[in-house]
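J.: Each chain, written out:
Protein chains: 2
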Amino acid sequence: MNGAEALLETSRRLGVEVCFANPGTTEMPLVAALDRVRLRAVLGLFEGVCTGAADGYARMAERPAATLLHLGPGFANGLANLHNARRAGSAVVNWIGDHAAWHLAADAPLTSDIAALAGTLGWVRTARGATTLAQDGADAIAAALGPPAGVASLIIPVDAQGRNATVPSLAPLRAERAGPDERAVSAAARALAAGSRSGLLLGGRALRGPALHAAARIAAHTGCAVLTETFTARHERGAGLPDFPRLPYFPEQARTTLSGVDRLVLAGAKNPVAFFGYEGQPSRLAHEACEITTLCSAQDEAAAALEALADAAGAPRDAAGAPSRAVVPARPRPVPASGALDASALGRTLAALQPEGAIVVDEAATSGLAWSAHAAGAKPHTALALTGGAIGQGLPCAAGAALACPGRRVIAFQADGSGLYTLQALWTMAREALDVTVVVCANRVYRILQVELARAGVAEPGPAARSLTQLGPPVLDWVAAARAFGVPGVSVASADALADALGRALAEPGPSLVEAVLTH
Amino acid sequence: MNGAEALLETSRRLGVEVCFANPGTTEMPLVAALDRVRLRAVLGLFEGVCTGAADGYARMAERPAATLLHLGPGFANGLANLHNARRAGSAVVNWIGDHAAWHLAADAPLTSDIAALAGTLGWVRTARGATTLAQDGADAIAAALGPPAGVASLIIPVDAQGRNATVPSLAPLRAERAGPDERAVSAAARALAAGSRSGLLLGGRALRGPALHAAARIAAHTGCAVLTETFTARHERGAGLPDFPRLPYFPEQARTTLSGVDRLVLAGAKNPVAFFGYEGQPSRLAHEACEITTLCSAQDEAAAALEALADAAGAPRDAAGAPSRAVVPARPRPVPASGALDASALGRTLAALQPEGAIVVDEAATSGLAWSAHAAGAKPHTALALTGGAIGQGLPCAAGAALACPGRRVIAFQADGSGLYTLQALWTMAREALDVTVVVCANRVYRILQVELARAGVAEPGPAARSLTQLGPPVLDWVAAARAFGVPGVSVASADALADALGRALAEPGPSLVEAVLTH
Numbered sequence: 001m002n003g004a005e006a007l008l009e010t011s012r013r014l015g016v017e018v019c020f021a022n023p024g025t026t027e028m029p030l031v032a033a034l035d036r037v038r039l040r041a042v043l044g045l046f047e048g049v050c051t052g053a054a055d056g057y058a059r060m061a062e063r064p065a066a067t068l069l070h071l072g073p074g075f076a077n078g079l080a081n082l083h084n085a086r087r088a089g090s091a092v093v094n095w096i097g098d099h100a101a102w103h104l105a106a107d108a109p110l111t112s113d114i115a116a117l118a119g120t121l122g123w124v125r126t127a128r129g130a131t132t133l134a135q136d137g138a139d140a141i142a143a144a145l146g147p148p149a150g151v152a153s154l155i156i157p158v159d160a161q162g163r164n165a166t167v168p169s170l171a172p173l174r175a176e177r178a179g180p181d182e183r184a185v186s187a188a189a190r191a192l193a194a195g196s197r198s199g200l201l202l203g204g205r206a207l208r209g210p211a212l213h214a215a216a217r218i219a220a221h222t223g224c225a226v227l228t229e230t231f232t233a234r235h236e237r238g239a240g241l242p243d244f245p246r247l248p249y250f251p252e253q254a255r256t257t258l259s260g261v262d263r264l265v266l267a268g269a270k271n272p273v274a275f276f277g278y279e280g281q282p283s284r285l286a287h288e289a290c291e292i293t294t295l296c297s298a299q300d301e302a303a304a305a306l307e308a309l310a311d312a313a314g315a316p317r318d319a320a321g322a323p324s325r326a327v328v329p330a331r332p333r334p335v336p337a338s339g340a341l342d343a344s345a346l347g348r349t350l351a352a353l354q355p356e357g358a359i360v361v362d363e364a365a366t367s368g369l370a371w372s373a374h375a376a377g378a379k380p381h382t383a384l385a386l387t388g389g390a391i392g393q394g395l396p397c398a399a400g401a402a403l404a405c406p407g408r409r410v411i412a413f414q415a416d417g418s419g420l421y422t423l424q425a426l427w428t429m430a431r432e433a434l435d436v437t438v439v440v441c442a443n444r445v446y447r448i449l450q451v452e453l454a455r456a457g458v459a460e461p462g463p464a465a466r467s468l469t470q471l472g473p474p475v476l477d478w479v480a481a482a483r484a485f486g487v488p489g490v491s492v493a494s495a496d497a498l499a500d501a502l503g504r505a506l507a508e509p510g511p512s513l514v515e516a517v518l519t520h
Numbered sequence: 001m002n003g004a005e006a007l008l009e010t011s012r013r014l015g016v017e018v019c020f021a022n023p024g025t026t027e028m029p030l031v032a033a034l035d036r037v038r039l040r041a042v043l044g045l046f047e048g049v050c051t052g053a054a055d056g057y058a059r060m061a062e063r064p065a066a067t068l069l070h071l072g073p074g075f076a077n078g079l080a081n082l083h084n085a086r087r088a089g090s091a092v093v094n095w096i097g098d099h100a101a102w103h104l105a106a107d108a109p110l111t112s113d114i115a116a117l118a119g120t121l122g123w124v125r126t127a128r129g130a131t132t133l134a135q136d137g138a139d140a141i142a143a144a145l146g147p148p149a150g151v152a153s154l155i156i157p158v159d160a161q162g163r164n165a166t167v168p169s170l171a172p173l174r175a176e177r178a179g180p181d182e183r184a185v186s187a188a189a190r191a192l193a194a195g196s197r198s199g200l201l202l203g204g205r206a207l208r209g210p211a212l213h214a215a216a217r218i219a220a221h222t223g224c225a226v227l228t229e230t231f232t233a234r235h236e237r238g239a240g241l242p243d244f245p246r247l248p249y250f251p252e253q254a255r256t257t258l259s260g261v262d263r264l265v266l267a268g269a270k271n272p273v274a275f276f277g278y279e280g281q282p283s284r285l286a287h288e289a290c291e292i293t294t295l296c297s298a299q300d301e302a303a304a305a306l307e308a309l310a311d312a313a314g315a316p317r318d319a320a321g322a323p324s325r326a327v328v329p330a331r332p333r334p335v336p337a338s339g340a341l342d343a344s345a346l347g348r349t350l351a352a353l354q355p356e357g358a359i360v361v362d363e364a365a366t367s368g369l370a371w372s373a374h375a376a377g378a379k380p381h382t383a384l385a386l387t388g389g390a391i392g393q394g395l396p397c398a399a400g401a402a403l404a405c406p407g408r409r410v411i412a413f414q415a416d417g418s419g420l421y422t423l424q425a426l427w428t429m430a431r432e433a434l435d436v437t438v439v440v441c442a443n444r445v446y447r448i449l450q451v452e453l454a455r456a457g458v459a460e461p462g463p464a465a466r467s468l469t470q471l472g473p474p475v476l477d478w479v480a481a482a483r484a485f486g487v488p489g490v491s492v493a494s495a496d497a498l499a500d501a502l503g504r505a506l507a508e509p510g511p512s513l514v515e516a517v518l519t520h
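Residue numbers (my numbering), protein chains in the order written: chain A, 1 to 520; chain B, 1 to 520.
The set of hints was computed from the structure by calculation and includes no laboratory data.
Take these hints with a grain of salt, some might be off.
The list treats identical chains as interchangeable, and a pair is accepted whether it falls inside one copy or across any two copies.
With a cut-off of at most 20 Å between alpha-carbon atoms, the simulated SDA-like pairs for lysine to any residue come out as follows [stated by the list, open to error]: (1) K270 with R183; (2) K270 with I448; (3) K379 with L241; (4) K270 with D107; (5) K270 with A105; (6) K270 with T111; (7) K379 with I448; (8) K270 with G240; (9) K270 with P355.
Predicted model, so just to flag it, every value in this text is computed and none were measured.
All chains, please: the whole structure from these sequences, using the hints.
T.: See below:
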């Protein structure tokens, strides 16, 4: 057994099942070892596909995802989606091949400072040899599982991959999830005593069913406001589930939302800050005098913490003494739109047709707001959002989520500008025959930039500024792009045609793409 | 005038004419300033397109290229092609927007350590305010121009962009190019006295016409071997130009080539090392006892240095006392191939049909060797190669070269696997109506990985290893990909059809794509 095999066998025993790969010459022993260890390898045609898929997989599989990448430039190609994974708290381990240690001094063309690149994301180690490689791999998985969970990068010189090694006996690893902390629960209960002047902000694992029910129980009893983070790694929504307003994106709106909250309890959420800093506006979104109390972190068992908080706040239990489930008001079930196809009609139609158990990867950007509102009344589903703001996450994330959850329909709800960053993910969907329905919101502009230009006081952008916000001419042909990568596609320009096309796409196995050409 | 305008106006005065951009919210003042300063902005749909285009532009325009990128993740997306630019010695300045300085502590979703990322490539500075921004921009250009020329990154917090500033009065900047160094010339002349046991390795500016003629004069007089570097940033070739063998890629072959060379003179080249380190083989390609002498660096005026060397070595001058031009033997002009379409037929046909003055961006990888051999007899042209080994450089580089040289035909001679990394460059070619003919070598495998697997001793790759080297199923449809991005395309599967399609494509203005489906 060589170092590569020892690393992969150890990683497999510690829970790694899939490796999202785009290897090169310095990873050949690892490539050969994949077959010997029987680890599933999924090829991405670009490293950003591999890392985004690893993020989506880790979010849904709740086990560490692995990538196999080629030196510094290959790793850099995947860095943006690792940034998103880090912000999502996804456990992702990168195996990055490097030159043989003795060859580094030659400064060969592909030599670069991989450790400096990877260090911007968290844990990084350069393996020193074959015999310690299995332990390095275990340490990387442990670092990725956290807390806090995130990205861990192991740089593996090719000579360490090829030399003799053994698999050590290692204790199983699992993500540590703290239960309720008594002092935090008491402090949160005191904060919520402010009633309607108090708020509860949900993030992390507080966005799953049991935690949402506990939050609803707390709200019903204390009168506190409940909100969810703006961009959530994994959020269970739909009929039968308590649903809470999302903290708005723009800081003015978010500050208005929080203006009445004097005591804010964070359950799996971070103290909210503005996505971007605007002159004259503070970073922090809660008002200056607002007291912040942390109930639990994103990774902790938020449901248990929130149930303990409900009890501590005096919320009633049911007749049997068990925590009662919240009474969830019936919400109108969305129906498909008809007529012109704008973002609102698109959102309504998608919410109406998405099947039960769907995983909706929402990188729809400005086109996605209507869907988010309608989705509260849709069938129960899981929504995955862009956590780190690095666009190009949606299509890869959808591929990874589909690999993690073979029985569920994945919907990649995708802004066109962002989707073009990593459209190569379509090919991985086709190769792996993934049940992904891609819905492209083709507004053919970088809408958010047009909004931001206006916010920056540019009322009439000049030709250069305008050209940088427009995705045409030439207009992108998404159906042709899908065909290029082996995915069937259709373009629609009315709400009725969308409902038809979407109904068909969602009923068929394997990937397909619907380009929704939006009216402006 | 604000900081953004002062930066751009200063940069324009110092020679920047084009900015390859994919901006976001933190670059809005810079976007607005582009129009006021009248700097040409070229949108890329992915940052790797912007940076690869900047590299190609800088190689051909011989003026600094600029990019405009969005925070750490946007910069990371462009990092691989900046790695190639650094290895090419291309003067590229990155303007990277960042959060307002006061917002960084909030650790907003897009916050990351941009300086650490950019520091892996060379010069980096974070602007401290608006009033010093113009000087920062000038310093970045000076750093990019070198020596050594390369990549310089200026991180520009959005608050610095928007505040008041002025344009300082600055001296012009130009790339410093050292003339012949007397001692280096003497040492090189002594080294060449070894006659046929001596060698001359050309790189950098030694690959242009006058320098090539001087090298031929030296070889004719001293009997030394002349070689060119394996991957050259810019190489003038074709009828009427002296042509020399390229140092082979694989180290065994390169060492054989250099085994008879006891004294090696470097003219614009680096002391050659293996691209990858293989167990049991040294990094250095010249034999252990070979003496290395440096005549000039990649950036120096190699023609003058080589002419001085020719004189010092005693090469005769012509009757008028001027350095004589080398006698260049007439080489057979390639003719288009017929019949089956393999890499050899493709290379011959392309060499036969490429027009005079063509710029051929060669990222054809394993499919490009035949072309390289035939191109010596083609019409005079310029070849740009992949200098840093980070694939995905070809299509963006072609777009940038076309922007730099509007009157010349650019041919993107492109391996399919590498081309898929940054195929979004097709859109920039269409939007800017660039005269680029894309020739895709569709062998539908990562051939080099199959070769490297075999070299690593894997005679029969298992299913996982095999799947990582194959670009299908599904087979990529490059014509559909081109159409998606607004570029007309055609697929050919015989040498005759290739000659027809290529002839038409090269005769028409604007971009088009020819997919050459290669037999295996």
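J.: Each of the hints needs a verdict: does it hold here or not?
T.: Against the structure, the hints come out as follows:
1. In the homo-oligomer, the alpha carbons of K270 and R183 lie at most 20 Å apart inside one protomer (19 Å), although the nearest pairing across protomers, at 64 Å, exceeds that limit.
2. Within a single copy, K270 and I448 get their C-alpha atoms no closer than 24 Å, and across copies no closer than 46 Å, so neither meets the 20 Å cut-off.
3. Proximity of K379 to L241 under the C-alpha cut-off of 20 Å is restricted to the intra-copy arrangement: shortest distance 10 Å within a copy versus 71 Å between copies.
4. In this assembly of identical chains, K270 and D107 lie within 20 Å of each other by CA distance solely across copies; the values are 10 Å between and 43 Å within a copy.
5. Within a single copy, K270 and A105 get their C-alpha atoms only as close as 43 Å, which misses the 20 Å cut-off; across copies the closest is 14 Å, which meets it.
6. In this assembly of identical chains, K270 and T111 lie within 20 Å of each other by CA distance solely across copies; the values are 15 Å between and 38 Å within a copy.
7. Neither within a single protomer nor between protomers do K379 and I448 lie at most 20 Å apart by alpha-carbon distance, with minima of 29 Å and 48 Å respectively.
8. For the homomeric pair K270 and G240, neither the shortest alpha-carbon distance inside one copy (27 Å) nor that between copies (68 Å) is at most 20 Å.
9. In this assembly of identical chains, the alpha carbons of K270 and P355 never lie at most 20 Å apart, being 31 Å within a copy and 61 Å across copies at closest.
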